[in-house]
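Start from chain S and add chain E according to the hints.
Number of protein chains: 2
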Amino acid sequence: MTEFRFARRSAILGSSVFDHAPGTISLNSGAAYPPLLPDVVREAAAAVGQHREEAMQYGPLMGLNEMRDEICHFVAADGVVAKRHNVLVTYGAKNAFDLACRVFVEPNDRIIVTRPTYMTAIHIMRTHNVRFLDIGQDEDGFCTRELEAKLRRLEANAEPMPKLLFDVPDFHNPVGVTTSLARRQEMVALAQRYNFLICEDDPYRRIRFEGDAIPPIKALDTTGHVISLGTVSKTLAPGLRVGWAIGDAGVVRRMAMQKADGGSNTFAQRIVVQLMRSNRISHHISELTDQMRHHRDVMMEALAVHMPEAKAKAPLGGYFLWVELPEGTDAERVVELGVFEGVDASAGRLSFPTDDPGNFLRLAYSFVGEDKIRRAIARLGVAYRRYKQADNPA
Amino acid sequence: MTEFRFARRSAILGSSVFDHAPGTISLNSGAAYPPLLPDVVREAAAAVGQHREEAMQYGPLMGLNEMRDEICHFVAADGVVAKRHNVLVTYGAKNAFDLACRVFVEPNDRIIVTRPTYMTAIHIMRTHNVRFLDIGQDEDGFCTRELEAKLRRLEANAEPMPKLLFDVPDFHNPVGVTTSLARRQEMVALAQRYNFLICEDDPYRRIRFEGDAIPPIKALDTTGHVISLGTVSKTLAPGLRVGWAIGDAGVVRRMAMQKADGGSNTFAQRIVVQLMRSNRISHHISELTDQMRHHRDVMMEALAVHMPEAKAKAPLGGYFLWVELPEGTDAERVVELGVFEGVDASAGRLSFPTDDPGNFLRLAYSFVGEDKIRRAIARLGVAYRRYKQADNPA
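Taken in order, these protein sequences are the chains called S and E.
Plus 1 on top of the position in the first sequence (first one is 1) and you've got this note's numbering.
Plus 1 on top of the position in the second sequence (first one is 1) and you've got this note's numbering.
Isolated chain S, as found in the complex (with noise of 0.2 angstroms):
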C-alpha cells in the first residue's frame, strides 16, 4: 500500500460530495428546481454551429468580450460601474472566489467572514490554508462594529492585518439576512482605511421575493476595495458553470494569471450572451422568484406544522431557511437521524467557520417542488422526535 505524501491543505476535505440514497428528498444543495432550467438547444446549436472557431478552440482568458460587455450591462442595474476591463469571466462564483484567494492570500493570512457563512467559501479558504476573524451579524447584517473593534485590536498588537472579506451582503448563505444599506458604507470606510478587499458573493441578488433593493457593495466602491462575485448559476442554470470578478482592472488581471486553465469554455459564454441579449434572462428570473417564494412559504409552513420548535426567519429572497433548533440540540445527530428518514439536510456545522453553536440546520427550498418539500419537512420533524425520545441533549 502506497503512503502518499500529501500536502496540508489536501487533508481538507468539502461537502460537495453527495450521494443520496434512492428516495431520499434533499434540502442540502442550493441547486436549481429542476423544472424550470432553461431550454437552449437554439443557443447551444448557435454556439457551435455559427460560431464554431470561438467555441472549439481556446477561449481569451479574460473571457469573450462580448460576454464581458453583457456582464457590465447586467450589473449598471444594480448601479454597478464596470468597463470591460473590470471583467474577468470565470467558471462560476466560487472559481473566481479561488482565483482571488490565489492573488491575495498567502498561508496563514486571516480572511473576514461572517459566522456563519457560506460553506464552500469555507472549503474553499481551507484549501488557502487560512486562518479566520470571524464576525457575527444582526438583524441589519453584518456587524461592522464588531469588525472595526477587532482590526482595532490586531492593529494595536501589530498582528498580521487581513487582506480579504468574503461575504455574501444579499440573502446571506445560510443565514438568509440582507445587510443595510448604512452597514455596506461603513464596510467600504473599513476596506479603504484598513486596505483590505471585499469579496462580495452575489448569487442570489436577483431572487427577491419582497422588499426594496439595497445597492451593492460593489456599486459603493470608488477606490477599487470590492470585487464583486457573479454568477448565472441561480439567475439561469448552474450547469453553465458560467461567473465572473469585477474589480480593479490589474486585480483581474492577475486573477486570470492564476487560471490553470487558460480561457473558460467559450460556448457556455456564447449561449449566456444570447440569454441576455434577448432578456430571457430577466422572464427567467421574474419566474424563478415567483416559483422559489412560493417554495419558501411552503417550507415556513410545514415547518410550523411538523417541527414547531424550530425557529426559522423568513428570508426576503435567495434560497435557504436558516434553522435555529433549541439551545443544546445536537443538529448533526438530527441530521444522521433524518438520513434514515429519507430527507438529506445540512447541519449547521458545515457554515461556521469556527466554533458551531451546534443547533443549527440549512435548509434548501430550492431544488425540490412543494409536494418534496413538506414530506422532506415531515421527515425531518420524524427525525428531531426520534432525537428527542432517544434522550438527547435538549
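Calculated from the structure, these hints are not laboratory results.
Using N, Cα and C, we set each Cβ at its ideal position, and we do this for glycine too.
Check each hint, because a few of them may be wrong.
If we take Cβ atoms under 7 angstroms as the criterion, some of the chain S residues that face chain E in the derived model are [stated by the list, open to error]:
1. Arg6
2. Ala45
3. Gly50
4. Tyr59
5. Asp99
6. Gln259
The following block gives chain E in isolation, referenced to the frame of chain S:
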C-alpha cells in the same frame, strides 16, 4: 491609487495572454488548426436537449460516469488499466495538473521537471511557489541516470525529497523527443523507490506521424505512482475544455476536493461522450495526424530554405518544432524582431524552468496552414538576418 497587498505567487505573470497585431502569423501557441475543428452541432443539441437536466444542473464532482467510462475505454487502447473510480474529469490537462499540485505541493517543495519543459506547466508550478529539480534529456528522452544521481545527493544531504515529477514523454513539449520504454521503466522504479508521483502529461500521444507507439508510463505503473493527465484539446478541440486525471482512486478523489468550482461543465462532457462512442474521435485523430505531419514537413522545409543556420530535429508527432540557433544567439531578440516582421514565435526562455541557454525557439505548426507556415518562417528568417546584421552576439 490603491496599493494592493498581493500574495507572492501573484507576481507570476504567464505567457498565455496574447494580443496579436492584425496580419501577424502566430507560431507561439499549440492551438488547434481551425479548418479541422469538429462540427458538434448535433452533439451539442443532444447534450442540452435530451439531457437538459444533466447539462443545466450542477454536475457530479468527479465527472459524468459515462464520461469516466469512455475515458477508461479510450486509454485502454494504450494499455492503461483504469476503472471509473480512477478517473477525475477536469477542465483540460492543465487544470488536472494544478489539482495534483494542490494535493501534493507545499511552498518551496521541489518538483522534478525536464529542462526545458512545457511552458504553462512551469507557470502553474510557479503559482505554487515551488523550486525545480531540473533534468536533461537525450535522444532516449528523460535522463533517469541524472535524476537518480540528484535524488541520491538530496537524500545524502538530508534535503526534503521531491513529491512530484512532471513530464511529457511523448513528443515532448517543446523538444519533441519521445522517452524510450527502458527509461520509462526506470522512471517508475525511481518513483517507487523515492516515493514521488509522476504526472504524465500526454496530450499529443495519438498525434503520431511515424514509428511505433511506446506504452504510456501509466501502463507500467502497478503502485499508483503515476497520474496520467489527458485531454481532448489536441485530439478534438481545446474549446471543449474536457480533460482528465487517471490515478490512484484516493488521490484523484482528493484532487476533486480541491476543485473550487464543483463539477466541471457536463454538457461538454456529454458532447465528448458522443464523439468517443461514435468513434468520430478516431477518424478525427487520423485526419488531424495527416494534417499535422504535413505541417511539420512544410515547416522543416521552410526552415531549411529561410533559416539554414537553424537546427531542428523533426519530431515523430505532436505540435512543435524545437529550433536551435547558433550558440550565443539571443533568441528573445530574434523573436522581438520577428514581431516587426509579422510573426509571433516563442523564445526558448519560456520553456526553461531555470537557466535559459538563450538560443532556442519553440515554433508551433499546429495553428496555421501551410501557406502561412512558409510565410511565417520566411519572416522569421528576415528577422534573424536583421539580428545578425545588427552586429548582435553570434
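Each hint tested on the structure:
1. Arg6: Given a least distance of 5 angstroms, the restraint on Arg6 (chain S) holds.
2. Ala45: Holds: closest Cβ of chain E sits about 5 angstroms from Ala45 (chain S), inside 7 angstroms.
3. Gly50: holds (5 angstroms)
4. Tyr59: Where the cut-off is 7 angstroms and the nearest Cβ of chain E is about 4 angstroms from Tyr59 (chain S), the hint holds.
5. Asp99: holds (3 angstroms)
6. Gln259: Check passed: Cβ of Gln259 (chain S) comes within 6 angstroms of chain E, closer than 7 angstroms.
Consistency note: the structure conflicts with none of the earlier hints.
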